[in-house]
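Engineer: So the protein lines, in turn, are chains A and B.
Just so you know, we're using the working numbering here: the first sequence kicks off at 1 and counts up by one.
Just so you know, we're using the working numbering here: the second sequence kicks off at 1 and counts up by one.
Everything labelled a hint here was simulated from the structure, so no lab data went into it.
All figures in this text were calculated on a predicted structure; none of them were measured in a lab.
Mixed in with the good hints there might be a few duds.
To be verified - Some but not every residue of chain B turned toward chain A, in silico, with C-beta under 7 Å:
1) G28
2) S31
3) F45
4) E48
5) N56
6) E102
7) E107
We put the beta carbon where it would ideally sit given N, CA and C, even for glycine.
Read off the chains here:
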Amino acid sequence: AQRVTQPEKLLSVFKGAPVELKCNYSYSGSPELFWYVQYSRQRLQLLLRHISRESIKGFTADLNKGETSFHLKKPFAQEEDSAMYYCALTWGTSYGKLTFGQGTILTVHP
Amino acid sequence: KAGVTQTPRYLIKTRGQQVTLSCSPISGHRSVSWYQQTPGQGLQFLFEYFSETQRNKGNFPGRFSGRQFSNSRSEMNVSTLELGDSALYLCASSLSAGNTGELFFGEGSRLTVL
Chain A
1 AQRVTQPEKL
11 LSVFKGAPVE
21 LKCNYSYSGS
31 PELFWYVQYS
41 RQRLQLLLRH
51 ISRESIKGFT
61 ADLNKGETSF
71 HLKKPFAQEE
81 DSAMYYCALT
91 WGTSYGKLTF
101 GQGTILTVHP
Chain B
1 KAGVTQTPRY
11 LIKTRGQQVT
21 LSCSPISGHR
31 SVSWYQQTPG
41 QGLQFLFEYF
51 SETQRNKGNF
61 PGRFSGRQFS
71 NSRSEMNVST
81 LELGDSALYL
91 CASSLSAGNT
101 GELFFGEGSR
111 LTVL
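Let's have the full structure, built from the sequences with the hints guiding it.
Structural biologist: The structure is reproduced here in structure tokens:
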């Protein structure tokens with residue numbers, strides 16, 4: 001069965017410091033990986049997806065199939081990055097069925 | 001463009017009752033998914049509907065059911081409520097079942113079972 005693990009429930013950094021939110025997955029096939037974010041009092045929303053290989057709000061994530069990881073990184077954290085971050089996995093063509101990790105609460109201190 | 005709308009936003013039920021939650025997707029979106037969010041289990045997939053057909057179902061008991069109408073609006077029903085059904089139920093819509101993966105979430109319906 002597929003599984004997504006986010007080992008850190010809480011992560012605190014200072015403004016301007018690099019940040020890395022870890023995500024490991026288990027799935028025997030070829031997964032599609034996503035990062036979703038929920039800012040305070042806002043809806044859960046897509047941050048980025050690995051197939052796009054894009055940088056959003058300075059965040060990047062690389063799919064490492066050898067280590068089955070999809071860590072989210074940003075070189076210089078900003079206070080507005082404080083939020084709950086979820087790593088999610090799906091497969092096939094039904095993107096409505098996501099398997100989420102437990103989430104990491106990121107706090108960026110001034 | 002209006003976002004995903006879920007009603008009711010909050011509701012309180014007692015054990016043994018049933019509840020129906022409604023979701024109106026973004027206009028033009030034909031795929032609707034439902035998730036249960038709890039502090040202990042996190043976000044768990046319930047169902048996915050596309051063109052009135054259930055495409056996928058999560059690992060939940062048969063007390064949890066859903067449907068989708070021809071206008072893409074969706075409802076989910078939970079019968080014989082248990083205390084453990086207390087959760088935030090999130091609905092998400094997307095353009096189609098085979099799109100690039102972006103789900104648009106509603107604000108959720110918070111169910112409390114007493």
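Engineer: If a hint holds in the structure, say so; if it doesn't, say that too.
Structural biologist: Hint check results:
Because the closest C-beta pair between G28(B) and chain A is about 15 Å apart, greater than 7 Å, the hint is violated. Interface hint status for S31(B): upheld, as the beta-carbon distance to the closest one in chain A is roughly 5 Å, under 7 Å. At its closest, the beta carbon of F45(B) sits 5 Å from a beta carbon of chain A; the interface hint therefore holds under the 7 Å criterion. Using the Cβ-Cβ criterion of 7 Å, the hint placing E48(B) at the interface with chain A is satisfied: the shortest such distance is roughly 4 Å.
Because the closest C-beta pair between N56(B) and chain A is about 4 Å apart, less than 7 Å, the hint holds. Checking E102(B) against chain A by beta carbon gives a least distance of about 5 Å; that is within 7 Å, so the hint holds. Checking E107(B) against chain A: minimum C-beta separation of about 6 Å stays under 7 Å; hint holds.
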